[in-house]
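Enquirer: Single-letter residue listing:
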Amino acid sequence: NAGVTQTPKFQVLKTGQSMTLQCAQDMNHNSMYWYRQDPGMGLRLIYYSASEGTTDKGEVPNGYNVSRLNKREFSLRLESAAPSQTSVYFCASSGLAGYTDTQYFGPGTRLTVL
Amino acid sequence: QKEVEQDPGPLSVPEGAIVSLNCTYSNSAFQYFMWYRQYSRKGPELLMYTYSSGNKEDGRFTAQVDKSSKYISLFIRDSQPSDSATYLCAMSAGYQKVTFGIGTKLQVIP
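Protein chains in written order, with our numbering: chain F, 1 to 114; chain H, 1 to 110.
Do not rely on the hints blindly, as some may be mistaken.
[To be verified] Quick list of simulated restraints, FRET-style, between CB atoms:
#1 F:Ser-84 - H:Lys-56: 37 to 43 Å
#2 H:Lys-97 - F:Lys-71: 42 to 48 Å
#3 H:Pro-81 - F:Thr-54: 41 to 47 Å
#4 F:Lys-14 - H:Ile-109: 28 to 34 Å
#5 F:Thr-86 - H:Ala-17: 32 to 38 Å
#6 H:Glu-45 - F:Asp-38: 39 to 45 Å
#7 H:Lys-97 - F:Gly-53: 38 to 44 Å
#8 F:Gly-40 - H:Ser-73: 33 to 39 Å
#9 F:Ala-82 - H:Ile-109: 39 to 45 Å
#10 F:Gly-63 - H:Ser-73: 32 to 38 Å
Derived by calculation from the structure, the hints in this document are not laboratory data. From the three backbone atoms N, C-alpha and C, an ideal C-beta is built for every residue, glycine too.
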């Protein structure tokens, strides 16, 4: 039981390049989330998926797209990376929709955009 | 004003001390309250979860929620160097969206 896994762990991009961050969970959770964490800003929600087949914008969605591939997998895509997207990205999942919002986090992806 | 306010610290205490970490919030609809611990260069991990007001104890950790004051606390008794981490409060009104504090960095000095 790996919980929430993320790939890659580290990535360096040049401005304008694209990439996809992958996330998978093996807890049979319905909901999945993408956050970014920046110093002094805390965790900010980029996108979330309440259930397979649905996605919704969070607090800071501009410059990102997501795909809920199936119940296990939720990917985050940067189409044209910008230095402002340098951050640590966390994927999370939660199980019982509407009752508890306890989220379980992956180890993070450290992204630097030059 | 942010929905959730948390002092970022850092907070340094000697080993064995009682640590008090706090958050205030403005959204009276919040009813689920959580504390996460985040070690350096790791993802947050759930430490405590409480629903509505009251206290919850788990080993050396006690979480308190005072909804009338919109104030939550996490107490750590007999603090250990292994407790050195950033502690994030988090809260939700339900419907899966969780609002996090920015985290308080704690250092427990041996």
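Enquirer: Next, verify each hint and record whether it holds.
Expert: Quick rundown of the hints versus the structure:
no.: 1; hint: F:Ser-84 - H:Lys-56: 37 to 43 Å; verdict: holds, 39 Å
no.: 2; hint: H:Lys-97 - F:Lys-71: 42 to 48 Å; verdict: violated, 20 Å
no.: 3; hint: H:Pro-81 - F:Thr-54: 41 to 47 Å; verdict: holds, 44 Å
no.: 4; hint: F:Lys-14 - H:Ile-109: 28 to 34 Å; verdict: violated, 42 Å
no.: 5; hint: F:Thr-86 - H:Ala-17: 32 to 38 Å; verdict: holds, 36 Å
no.: 6; hint: H:Glu-45 - F:Asp-38: 39 to 45 Å; verdict: violated, 20 Å
no.: 7; hint: H:Lys-97 - F:Gly-53: 38 to 44 Å; verdict: violated, 19 Å
no.: 8; hint: F:Gly-40 - H:Ser-73: 33 to 39 Å; verdict: violated, 22 Å
no.: 9; hint: F:Ala-82 - H:Ile-109: 39 to 45 Å; verdict: holds, 40 Å
no.: 10; hint: F:Gly-63 - H:Ser-73: 32 to 38 Å; verdict: holds, 37 Å
Hints 2, 4, 6, 7 and 8 from the earlier list are contradicted by this structure; the remaining hints agree with it.
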